[in-house]
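2 protein chains.
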Amino acid sequence: MATLKLRRVAIDTYRENVAFMHRACNVYHSEGFQALNKIEIHREGDGVPVIAVLNIVDDEAITAPGELGLSEQVFEQLGLPPGTPVQVRHATPPHSLAAVHRKIEGEALSREDYLEIIRDIVENRYSKIELAAFLVGCAETGFERDEVLHLTRAMVETGDRLEWNEPLVADKHCIGGIPGNRTTMLIVPIVAAHGICMPKTSSRAITSPAGTADTMEVLADVDLPPGKMHEIVQRERACLAWGGTARLAPADDILIAVERPLSMDSPGQMVASILSKKVAAGSSHLLIDIPLGPTAKVRGHQEALRLRKLFQFVGDRMGLTLEVVITDGTQPIGRGIGPVLEARDVMQVLRNDPRAPLDLREKALQLAGRILEFDPDVRGGQGYFIARDILDSGRALAKMEAIIDAQGRHREIPDPGRLVHQVTAPHDGVVTAIDNLRMASIARLAGAPLDKGAGVDLARKVGEAVKKGEPLYTIHADFPANFDFAVEAARHQNGYEIS
Amino acid sequence: MATLKLRRVAIDTYRENVAFMHRACNVYHSEGFQALNKIEIHREGDGVPVIAVLNIVDDEAITAPGELGLSEQVFEQLGLPPGTPVQVRHATPPHSLAAVHRKIEGEALSREDYLEIIRDIVENRYSKIELAAFLVGCAETGFERDEVLHLTRAMVETGDRLEWNEPLVADKHCIGGIPGNRTTMLIVPIVAAHGICMPKTSSRAITSPAGTADTMEVLADVDLPPGKMHEIVQRERACLAWGGTARLAPADDILIAVERPLSMDSPGQMVASILSKKVAAGSSHLLIDIPLGPTAKVRGHQEALRLRKLFQFVGDRMGLTLEVVITDGTQPIGRGIGPVLEARDVMQVLRNDPRAPLDLREKALQLAGRILEFDPDVRGGQGYFIARDILDSGRALAKMEAIIDAQGRHREIPDPGRLVHQVTAPHDGVVTAIDNLRMASIARLAGAPLDKGAGVDLARKVGEAVKKGEPLYTIHADFPANFDFAVEAARHQNGYEIS
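Protein chains in written order, with my numbering: chain A, -5 to 493; chain B, -5 to 493.
For reference, chain A alone in the conformation it holds in the complex (with noise of 0.2 Å):
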């Protein structure tokens, strides 16, 4: 094996490792290397080396002959000083790619299968091409629902598990798909108002105009080191945190950095996909939100059931209580869409503001009375009236102030975009149906969730009458190039459909 001195290169190149070697390296020569070519990265006395892809340099100001250049992530990965020697060799090619090849062959794959394919993932091994290998073999011979269970095993297996030493820690879980959706940051502080653990953690927007981190975000800190998150759990038995740090079923980020480019979206991946990591972080009893409605996600309904039940088989299995609600995705919820306007929403309903939107504060109460009967003590089909007397009486919002408080308050908080446009009615009638995806692409346009401010505010949902000339939804923006963006896709189609 050939020796190099370690360098770190400032270029960030997400999650692909990469490392560069000059054209002129001896190294580069002696061993055969091409640009393209995977590479084993050794440290001394230590067996499990790190795998990167091979750029080739002409400068020395990046990576001089003699050196190994190593971008950021693989840098920190290695967590060695510039200066360090280290060997390099040719990577071979993960063992489990035989099972990769099997399942495209149409094969189902054992739990072995899995678990060796995972773990490689995991340590780096399979580059974005053998990921998208994976991907498109299980989606086109289509997973068992056996493998589904495989495969979520492997995904918790590989990486860290939460602990909280409760015998009901609760969660909940959309599918997404529907702008405006924020009924997280009700039934959290509800739920936690009545005594229930529920240390929640979201995702960011990735392509949607907001997740519930985002909006949360816009009133509290929500990246919160491990040890402040279970010090606020223990004393408010709940939390509104991004979930991003842990490492909790890390195969499923390496994937969904491929799936997500490539619009894959089996149901197999989906399930194994939340069901990993809400197992991974510690909840015991779930429940799942599955929108229906011809633009959302899911659009039939023998889809929906087919989907609650693979939800159910392997939830079942990983030890779960699991309960899957099909509700009405036919539309936006509430008004905003973007994260200032979502939280402004929140606040409303918590406040029990007579502006609040009916439909957010519904379909939050329906949702947390599911979780409240989780509660043994909590009588079937009480759930619901517990909630609302939670968030009518103003525990609710007492709760919500607290966990604010305890994850760190944002004084300021952004007002909307202050570009605005108005969307208004080509003729009278009535709202027959808002598009969720076009509604969604236009707060993105409009720069959300980057923009807090940024986003659609909803003047009209479906069945409200509107005259000619009435605005149906506001857009707001912060600067000039999305707002033209956002402006000219609405003027184009504007989502609605008015009878």
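Take the hints with a grain of salt, since some may be wrong.
[Said to hold, decoys possible] Derived Cβ-Cβ restraints for the label pairs, each shown as a range:
#1 His404/B / Ile200/A: 48 to 58 Å
#2 Gln28/B / Gly189/A: 19 to 29 Å
#3 Ile200/A / Glu70/B: 28 to 38 Å
#4 Leu431/A / Gly238/B: 21 to 31 Å
#5 Glu117/A / Glu464/B: 16 to 26 Å
#6 Pro75/B / Arg241/A: 11 to 21 Å
#7 Gly294/A / Asp259/B: 43 to 53 Å
#8 Gly313/A / Arg485/B: 28 to 38 Å
#9 Asp383/A / Arg17/B: 45 to 55 Å
#10 Ala92/A / Pro288/B: 12 to 22 Å
#11 Arg113/B / Ala18/A: 48 to 58 Å
#12 Thr426/B / Asp53/A: 49 to 59 Å
#13 Ile200/A / Thr426/B: 50 to 60 Å
#14 Arg96/A / Leu299/B: 55 to 65 Å
[What the hints assert, rightly or not] Only some residues are given here: those of chain A computed to face chain B with a beta carbon under 10 Å:
#15 Ala(-4)
#16 Ala4
#17 Leu30
#18 Lys32
#19 Asn49
#20 Ile50
#21 Ala55
#22 Ser65
#23 His95
#24 Ala127
#25 Pro219
#26 Pro255
#27 Leu256
#28 Met258
#29 Met264
#30 Ile492
If you are wondering where the hints come from, they were derived from the structure by calculation, not from laboratory data. Backbone N, C-alpha and C fix where the C-beta goes; we use that ideal spot for every residue, glycine too.
Fit chain B to the given chain A structure using the hints.
Quick look at chain B alone, frame taken from chain A:
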């Protein structure tokens, strides 16, 4: 759209276009770019953008705010001086991905679908993971034979085509997998000496220990400018050049760069890849060699016949006159494995040297005979005898020497690698099998094809008797590290079966 100033970043990212933007660049923030996003780079007054994958940089020495850094490949594609203002924006996913998704779902695609996919691929609109999705999708559901034809046509139509203005332009192709199988370097001079035009372009080895271009390069230049190649073919009726510079079926090169690390090699892909290159190279008559054997690429007779039928179906419809022969692929051909050792075998056959390997001579004569029979004036069954006359009379050698001189003779032919290890028989017996894959692997570990003199020199072939301690083969290498790897591999499993 945002404007940035071009900068060349001296990083070779092989077939992937990479662009670099500084984290503090205002475009990075205002446009909401993320690492690994695909971006479009627009030149002023030019409609066709260049696509690249974005990496984020934290070092102004690589790319400063306000600049757009480009890896060497993209920089050359754009062909603009550093500092030129260009505009960037999010790349829209290639439209043809919808067809890829239909393929993944099991649908057969149309001629238009393939043309659209292949055009997007040639225009660098597909990321590596999208390429992998296309390949796995095709491998998994398989191709209808019409689809192979559509794919072949699309690959030809999206690249350049060579024109020879000849009624008969002969070519041959072996699907590979048999070490030492250097018949091309014998067939070309025989066929050209007869007067048939055979402008042969070959690839370099990628997974094998030597390609025709690597072996010819021991004797002469192979990297010929198009003008020179035409001139040589006009004078000598033939050449033995490297085909890497022409833009023939460029989609194939892009697909192969992803197929290879995935070890994907479906019959449909193989047929489309081979036939598109040949049609683009201007060939009218083509001989395909399918070696059959337990360690060859094709291992069963039925499989070989199916492959032959697929070649015939597509070849006929592409207007090629095609012969497909199934040959003995049970062991390596000739004695040498590696460029210098194989060049020695070839020259021994041409010189009618008594040490020349008979199997290489026989196979080359059989194949050359079939090509000679493409000539309407050659009576069926006479090709072999004409080929033998040309070889025995020294006319093939004279033609080869003329081609070598025309291309640029290499005066100094390297010796076989000076580090030498003999692998000997562990007991008396008769050689019953030689493993093609094992021998290729040992030769590559020894340094072939990059070290021209490295490789394996066989002393015994199948059917020959050997006594305990007598040599089976000799390993040659130039560098101690490679030598040790190869010797170690041979010690672990020497690739020979002795009864």
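Checked hints:
| no. | hint | verdict |
| --- | --- | --- |
| 1 | His404/B / Ile200/A: 48 to 58 Å | 56 Å, holds |
| 2 | Gln28/B / Gly189/A: 19 to 29 Å | 41 Å, violated |
| 3 | Ile200/A / Glu70/B: 28 to 38 Å | 34 Å, holds |
| 4 | Leu431/A / Gly238/B: 21 to 31 Å | 45 Å, violated |
| 5 | Glu117/A / Glu464/B: 16 to 26 Å | 46 Å, violated |
| 6 | Pro75/B / Arg241/A: 11 to 21 Å | 46 Å, violated |
| 7 | Gly294/A / Asp259/B: 43 to 53 Å | 39 Å, violated |
| 8 | Gly313/A / Arg485/B: 28 to 38 Å | 50 Å, violated |
| 9 | Asp383/A / Arg17/B: 45 to 55 Å | 49 Å, holds |
| 10 | Ala92/A / Pro288/B: 12 to 22 Å | 19 Å, holds |
| 11 | Arg113/B / Ala18/A: 48 to 58 Å | 38 Å, violated |
| 12 | Thr426/B / Asp53/A: 49 to 59 Å | 55 Å, holds |
| 13 | Ile200/A / Thr426/B: 50 to 60 Å | 59 Å, holds |
| 14 | Arg96/A / Leu299/B: 55 to 65 Å | 25 Å, violated |
| 15 | Ala(-4) | 8 Å, holds |
| 16 | Ala4 | 4 Å, holds |
| 17 | Leu30 | 5 Å, holds |
| 18 | Lys32 | 8 Å, holds |
| 19 | Asn49 | 5 Å, holds |
| 20 | Ile50 | 4 Å, holds |
| 21 | Ala55 | 6 Å, holds |
| 22 | Ser65 | 8 Å, holds |
| 23 | His95 | 7 Å, holds |
| 24 | Ala127 | 5 Å, holds |
| 25 | Pro219 | 24 Å, violated |
| 26 | Pro255 | 6 Å, holds |
| 27 | Leu256 | 5 Å, holds |
| 28 | Met258 | 8 Å, holds |
| 29 | Met264 | 16 Å, violated |
| 30 | Ile492 | 29 Å, violated |
Comparing the model with each numbered hint stated earlier shows that hints 2, 4, 5, 6, 7, 8, 11, 14, 25, 29 and 30 do not hold.
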